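Chemist: One-letter residues, chain by chain:
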Amino acid sequence: MAELWQFTKLIRSKNAGPFELTFDIMFKDFESYDRVVKIRLLTPELVGRLYGVPEAAVQFFEIKEILTIKFSIPRKVFSGDVDDSDVYGGQFHGPLVRLPVR
Amino acid sequence: MDRTTLDARTELRLEQALEKIRAVAATGNLSTGFREESLIRAVNQGAHFVGCDAGSTDSGPYYLGSGSPRGPRQAVKRNLTLILRETLRAGIPAIVGTAGHAGGRPHLQWTVEIVRELARENDWHFKLAAIDSEIDPAILGAAFRNGAIKPLFPAPVFDEQVISEAQRFVAMMGIEPLQGALAGGAQIIIAGRCSDVAIYAALPVMRGIPKHVAFHAGKILECGAASVAQRLYPDCMAAELDSEGFTVEPPNPELRCTPQSVAAHTLYENADPYTLVEPGGSLDTTAARYHAVSDRAVRVEGGRFVPAQKYTVRIEGASLAGYRSIVIAGIRDPLVLKQLGSFLTTLRATIERKIVDNLATPTGSYTLNFRVYGRDGTMGALESDLKIEGHEIGLIIDVVASSQTLASDILPLVWHTGLHHPIPEYQGLVSNFAFPFSPPGIDVGPVYRFCCNHVWEIDNPCEPFHTSWEEL
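Residue numbers (the numbering used here), protein chains in the order written: chain A, 1 to 102; chain B, 103 to 574.
Only chain B is shown next, with the shape it has when bound in the complex (with noise of 0.2 Å):
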C-alpha cells in the first residue's frame, strides 16, 4: 500500500469519525403529541432526520387483528403535519415506523392517505416511500414448512392451521428496508411494523455510526421525552451520534436528562435490561457509561453489538377468538359479598344448565368470566389475595362466544339469572345486581389474541417488505 492510499484511507476514517449525526424523535407515538416549538428548535440545531414511531402491541392484538388503527385521525394528522412541514422545510427526511399503531396493510394505507391529504392542501411536493410489512399467510405457510419459523418463549402453539386461520401477520422490519427507501431518496418514509429502533438507527448506519451506537440511541429515542427526568408532558427527544457514543439532550429547555434517567430508559419494557435484540443482532449494554456534560445533556458510550448468526425478523399475528358481550353491575348486600365465591360458582351452574335449555348452546362453546373488581379483576389468576375487604365490589360478566349474536343472546340470559339468583339467607325474589345502564349489557364486538410469538429466519433483510413509491 503506497502511502497516498494510506493518507487517504486515513483521512476517510478521520472523516467519518468526525462526521455527527443528529437524530430527532418527534414525541414517544405519533397520536400522542409534542411541542411544536421543541421540533422546531431540534431541526434548527442542525438535526439530519426527523423520526417518529406510531405504533406498539401494547394496546393488545386488537389493532392488528381488525386491521382499524388506533387514531385518533385528526392527532395523527395534526403530528405529521407538523413533522412533514419542519422536515421538508429542512430538506431532511422523515421516517414513520409501525403506521397506523399495528402496521399491517391497512393501517399503512390509512397513513398514506392522510400523508397525501397533507400534501394536497398544503402543495407540498415530495417523493413518498411506503414500506408494506404484511406478510401473506402462503409465504409464511412455505418459511414454516422450511424450518424458518423459530419460536421464542414464551410462544403459543403456532402451525399452518394457525397461520391459514389467522387474520393478519406482519413482519417487523430492522434498519435495511428504510436504507433503501433513504438510499432511493424518499423524503418522507412512512413503514409498516418497524423496530422502533431502527427508525433512528437506519440512516446513522448509513452515515457510518457503528451500529453499537446507533441501536443504542435508538432505544433511547424511541420513546421520545421518556428519557428524561421528569416527564411534564409528551415532546421531542435529540441525540447526537458520533463513532464512539451519542449525547443525549432534549430539544425542549423545561426538560433534562440525567445518567440515571437515560440509563434507566433501557429497562423500560425491556425483560433483560441489558440486552436489546434487533433484527440482525443484540444490543448489550453490559459495559454501557453515562455521563452528565450538561445539567440537561447525558453522554452515552460502552455499548457493543452483537451480529446474529443468522438474521431474523419478529413476526406477528393476531386471530380471532370470538365475539365478546359484557354487562357491569355492583354488588353491595353485605350477605352476597360474604359468600360472592359459592354464589359465583352456583350461578355459573344455574346459567349453563339455562343457556343449554334455552339456546341450545352447549357448555364449553362460549366463555363465562366473571371479573370481580374488589377482589381479583386486576390481576385474574395471578392475584393471591381473594378476600373482599370493601363495601361493594364492581362485576363485570364477560361472555365471548363465536359469533356476535350468540354473545349477545347469551348475555341477557347471563344477566337475569344473576340479578335473581338466591342466596341461602333471604327468602322471595331478589335482585342482587346494580346496573348502572339501560341497557345492562354492551356488545363489544370481535376479540382477537395474539397468534405467534416467533421469528422468521431470512437470508435477504428486505425480503418480506414491499416498498411503494410516490411522487407528491
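Only chain A is shown next, with the shape it has when bound in the complex (with noise of 0.2 Å):
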C-alpha cells in the first residue's frame, strides 16, 4: 500500500514559538495533494488522536495554492522544560510520515 511520504516532497514538524507545533505536508504535484485531500487522510480528528491534542486545538489548513496541508496544535510540554524531548520540535512528524494511503 502506498504511504503518505510517497506523495510528498517534505513532511517536516517544527516549533511555531516554544508553546505550539506546526507541521507542514508539501505535496509533489497537485493529483498527490488533491488525492490526499479527497481521501480525507488528514483532518483535525486524526491530528487530535495521533497527538493527543483536542480537536478543537488543531488549526488546520489545506493550502491549494502551494500543495500544501499544514496543522498546528498547542505543545503539551513547551520547548525546553524539564520534560521537552525536542527542543526545535523537529521530529514530532514521525507519525505521519508512513500513513497508509488507500
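Since the hints were derived computationally from the structure, they do not count as laboratory data.
Here the structure is a predicted model, which means the values were calculated and not measured.
Beta carbons: idealized from backbone N, C-alpha and C, even for Gly.
Any given hint might turn out to be false.
[As the list claims (entries may be wrong)] Label-pair distances were calculated between CB atoms; the ranges are:
#1 Ser505(B) x Phe30(A): 56 to 62 Å
#2 Ser540(B) x Gly94(A): 49 to 55 Å
#3 Lys64(A) x Arg333(B): 20 to 26 Å
#4 Ile241(B) x Val37(A): 48 to 54 Å
#5 Ser467(B) x Lys64(A): 52 to 58 Å
#6 Gln91(A) x Thr469(B): 21 to 27 Å
Take the two lone chains, each set in its own frame, and fit them into one complex as the hints suggest.
Modeler: Okay, structure coming up:
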C-alpha cells in the first residue's frame, strides 16, 4: 500500500514559538495533493488522536496554491522545559510519514 | 484646495509611489554565515540597508535564562565584520536584531563589545545605537497589576511570584524603536529582542512603503536565503519594495526563488500561514499573489495589514527550573528489553527509596526521567507507538534537582542501582547498563523554562525600550 511520504516532497514539524508545534506536508504535484485531500486522510480529528490534543485545539489548513496541508497544535510540554524531548520540535512529524494512502 | 497644492500633493504621491527601497538580509542568523560575494553584490545593487537577525527562541529557554550568548563568538564577529565593512563602505545602515540570540542585556552588551572591537581593529568610525529590551521585573509587575499583561494560548501560570522569581524578561520590539535609532542617525543598530520582521520593515515604512508590503517582505527576508527553491548553504537575500508590492531575488546567481518557494516560506515556524501577528498589527496574506518575474525572482503583492486595537509587544521570560545531571547507557540484553517498562518502574521505586535512605531527599523534590531512545525518547508523551523493535535501546537517565550538588549526588545512586537491578530470569549479580564513558554521569548545569507566553499592552511602542548612543 502507498504511504503518505510517496506523495510529498517534504513532511516536517517545527516549533511555531516555544508553545506551539506546526506541521507542513508539502506535496510534489497537484494530483498527489488532490488525492490525499479527497480521501480526507489528514483531518483535525486524526491530528487530535495522533497527538493527544482536543480536535478544537488543532489549527488545520489546506493550501491548494502551494500544494500543502498544514496544521498546528499547542505543545503539552513547552520547548526546553524539564520534560521536553525535542527542543526545536523537528521530529514530531514521524507518525505521519508512513500513513497508508488507500 | 488650489491647483498648486493639488499638483504638489500628486507629485509627492508620485514620488512616493516611485520610490523603491532595496532591503538586504545578510543571512538567517548572524552566526550561520553567508557568502561574502553575495553581500557585496547585494550592497552594490543599491541596497538601502542590510539587516540580520541574530536570535530566536527556537533553541529553548537556556540563553535567555542564563544570559549566555549562543555564539560562536568568532563566527558572529566574522559575519559582523563583513556586514559593517560593506554597509559603512556604502554609507547605509545595518540593523541587527535579537543580539546574542536571546536579546537580553548581557546578550546586547556581548554583541556591542564585538562591534567596538571591530571599530578599534579596523579604524572604523560610525554612530552606534544599542537598543536595550530587557524588562525590569518591577516594571513588569506594575504592568501586571494594571492588567496590561494578557495571556496568549497556551500560556503557563503567570503572576507576580513568577515575575519576581524569573531570571530575565525581554520585550520584543516592533519597528518603532528601530525607526527612532534610524531617525537619530544611527549607522549601526544593535537591537535587543526584536521582531524578525521589524528588522526589515522599519526603514521601508519610514520611507513611505506601506506596512503590508514592508511586513510581508520582512517575513520573506528574515530567514535569509531560506525562501529559495533549494538552499545549498546559508546566504543573503534581497528584496525591492515599492508601494504595491515587492520583488524578491537572491543576490547569489546560484540560488533562485520560485513563487512556490517564496509562498511556502510564510508557512515556516508560523502556526497560521495566513496571519502573521506583529507588534501593532497583523499581516494577512490570504489574498497574496506570488508570480515569477524571471526564473530567479518573484513578485509578491496583495498582503493586507490589519492594525491592532491596542499596541502590544510579546514578552519572553525564563525562570530557573533546577540543575541537571545525566547518564547515558545502552541496553542490549533481550530479556531486559522485553520487560523494559516494568524494569524501569521497579527500578524507579528502588531508586526513590535509596535516595530517601541515603540522601534524606524526599521523592518529589527532584525529577527522574528515563528517556528511552528506541521507544519514545524522541517524542516523549506524544509517542503512541511504544513497541521496542530494535535489538538495543539508548537510555538517558535525566535528573533535575534544586542544586547541582544534589543532582550530582543523586545521579550515581540512580545509575548504580540500575546497573544491578534484577530481572526474574537471572540469578546472581547482573550489569544491565553499558556506559560509554567514565565517569558515566555528566553534570549539565542549570535548566531554565519559558515562564510566560504573554503580551504587554502599551501606549507608546518605544516605552519598554531604551536606546543608548555611542560615537565610535
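Chemist: Would you mind marking each hint as holding or not holding in the structure?
Modeler: Okay, the hints, checked on the actual structure:
A C-beta distance of roughly 59 Å is found between Ser505(B) and Phe30(A), which places it inside the suggested range of 56 to 62 Å. Taking 49 to 55 Å as the suggested C-beta distance range, the pair Ser540(B) and Gly94(A) does not conform, at roughly 33 Å. At about 24 Å, the beta-carbon gap between Lys64(A) and Arg333(B) stays in the expected band of 20 to 26 Å. Judged by the Cβ atoms, the range 48 to 54 Å given for Ile241(B) and Val37(A) holds: they are separated by roughly 49 Å.
As the Cβ distance of Ser467(B) to Lys64(A) is approximately 54 Å, the hint placing it in 52 to 58 Å holds. A C-beta distance of roughly 22 Å is found between Gln91(A) and Thr469(B), which places it inside the suggested range of 21 to 27 Å.
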